[in-house]
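Engineer: Sequence:
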Amino acid sequence: MSTIPQITVQLVHIQGPLKGDIQELSASEIRIGRHPDCQVKFPKDLTTLSRVHAKIVREGNRFKIIDQSTNGTYVNGQRIAESYLKDGDVVMFAEGGPKASFLTQTATQPATAQPAQPETFTEAPIAPPSPPKAPAQMPPVAPIPSPPMASPAPSPLAPAAQPGPAIEQTKVPLAIQYGPALKSFQTLPIIIGSGPGCDFPIANPGLSDQHAQIFFAQDRYWVKDLTGMNKVTINSLPISGQAALESNVQLALSNQGPKFRFLGGGRLAEIEDPLPETPEPANPTEPSPARPDEKAMPLAKKAGSLFKKFFT
Numbered sequence: 001m002s003t004i005p006q007i008t009v010q011l012v013h014i015q016g017p018l019k020g021d022i023q024e025l026s027a028s029e030i031r032i033g034r035h036p037d038c039q040v041k042f043p044k045d046l047t048t049l050s051r052v053h054a055k056i057v058r059e060g061n062r063f064k065i066i067d068q069s070t071n072g073t074y075v076n077g078q079r080i081a082e083s084y085l086k087d088g089d090v091v092m093f094a095e096g097g098p099k100a101s102f103l104t105q106t107a108t109q110p111a112t113a114q115p116a117q118p119e120t121f122t123e124a125p126i127a128p129p130s131p132p133k134a135p136a137q138m139p140p141v142a143p144i145p146s147p148p149m150a151s152p153a154p155s156p157l158a159p160a161a162q163p164g165p166a167i168e169q170t171k172v173p174l175a176i177q178y179g180p181a182l183k184s185f186q187t188l189p190i191i192i193g194s195g196p197g198c199d200f201p202i203a204n205p206g207l208s209d210q211h212a213q214i215f216f217a218q219d220r221y222w223v224k225d226l227t228g229m230n231k232v233t234i235n236s237l238p239i240s241g242q243a244a245l246e247s248n249v250q251l252a253l254s255n256q257g258p259k260f261r262f263l264g265g266g267r268l269a270e271i272e273d274p275l276p277e278t279p280e281p282a283n284p285t286e287p288s289p290a291r292p293d294e295k296a297m298p299l300a301k302k303a304g305s306l307f308k309k310f311f312t
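End of the sequence shown sits at 312 in our numbering; the numbers just go up one at a time, nothing left out.
Treat the hints as calculated values from the structure; they're not laboratory data.
Hints are not guaranteed to be accurate.
[To be verified] Have a look at the derived ranges for each label pair, beta carbon to beta carbon:
id, residue 1, residue 2, range
1, M229, H35, 47 to 53 Å
2, A27, M229, 44 to 50 Å
3, R220, D45, 43 to 49 Å
4, E95, H35, 18 to 24 Å
5, G179, V52, 25 to 31 Å
6, I190, N230, 16 to 22 Å
7, N230, Y84, 42 to 48 Å
8, A81, N255, 45 to 51 Å
9, E29, Y178, 29 to 35 Å
10, Y84, T187, 18 to 24 Å
11, G264, K41, 23 to 29 Å
Cβ atoms here follow ideal geometry from the backbone N, Cα and C, with glycine treated the same way.
Kindly generate the complete structure, drawing on both the sequences and the hints.
Structural biologist: Below, the structure written as structure tokens:
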């Protein structure tokens, strides 16, 4: 039975006025610019972008971006007229302008459904009932001797936690967006941490050298806490060793972050906490100038009236 792939384009905005937004688009042509009819619409006052700056068109199972602007469109830092996009590409609209990472998610649906065949049933012959059996004679019950007194048995140990799936090298995609960077992997597992030998190093004082591991097993993506201190959480709950990643869950590597949203299909996007508002410092009360007669006062008397001078 043939299948028709449903491919959704996902743009993760990593720079510009839409930073932090994630747009999912399924149209065969996606227009980007300042025009109100664009599917990816930027503010009108962002004049470095054209009204229709670029468009992404689907060609079979591939997507091509076509520049239609004055100030240019860039893919991975290179200015293009048109270019085929692949997962993990970073698109910049005008030099120094907004950036978005390009990702796709594929689902399949049946093209045609075969009608279900009606089930046929054959009636089996009914066997005559068996005659009832005579009840068996039970032997007399012998008295049970009292067992000798013994020391109480030790309490049973709690059952050990069931181990998760085995971690094996698997060819599956994984894309991680962190800050302005987006890195793609084609083979799992990978290790995230602050150490230079990690596959995805993150400079964060709250992370261990080898902090967490992402792997694929049983048709699902998993995360494993390598710290041994339950620092890795899913939806604010610490995981017990390792746990499967469900779509749209929040993965935090520590209480101080960083935090990611698992978008399904092997995609992790950073969640940025809003910066706390810093209150403006109050204007300090300026002390009144000393009166001339106070200059001649003894030092002990002036020290005793120090608070009085600040409030007069």
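Engineer: Against this structure, judge whether each hint is valid.
Structural biologist: Verification of the hints:
1. M229 with H35: 47 to 53 Å: Since the Cβ atoms of M229 and H35 sit about 52 Å apart, the hinted range of 47 to 53 Å holds.
2. A27 with M229: 44 to 50 Å: holds, 46 Å
3. R220 with D45: 43 to 49 Å: holds, 45 Å
4. E95 with H35: 18 to 24 Å: Because 21 Å falls inside the window, the suggested range holds.
5. G179 with V52: 25 to 31 Å: About 29 Å separates the Cβ atoms of G179 and V52, which means 25 to 31 Å holds.
6. I190 with N230: 16 to 22 Å: 21 Å Cβ-Cβ, so the 16 to 22 Å window holds.
7. N230 with Y84: 42 to 48 Å: The hinted range 42 to 48 Å holds for N230 and Y84, with Cβ atoms some 44 Å apart.
8. A81 with N255: 45 to 51 Å: Since A81 and N255 have Cβ atoms about 47 Å apart, the given range 45 to 51 Å holds.
9. E29 with Y178: 29 to 35 Å: holds, 30 Å
10. Y84 with T187: 18 to 24 Å: holds, 23 Å
11. G264 with K41: 23 to 29 Å: holds, 25 Å
Violated hints are absent here; each numbered hint is respected by the structure.
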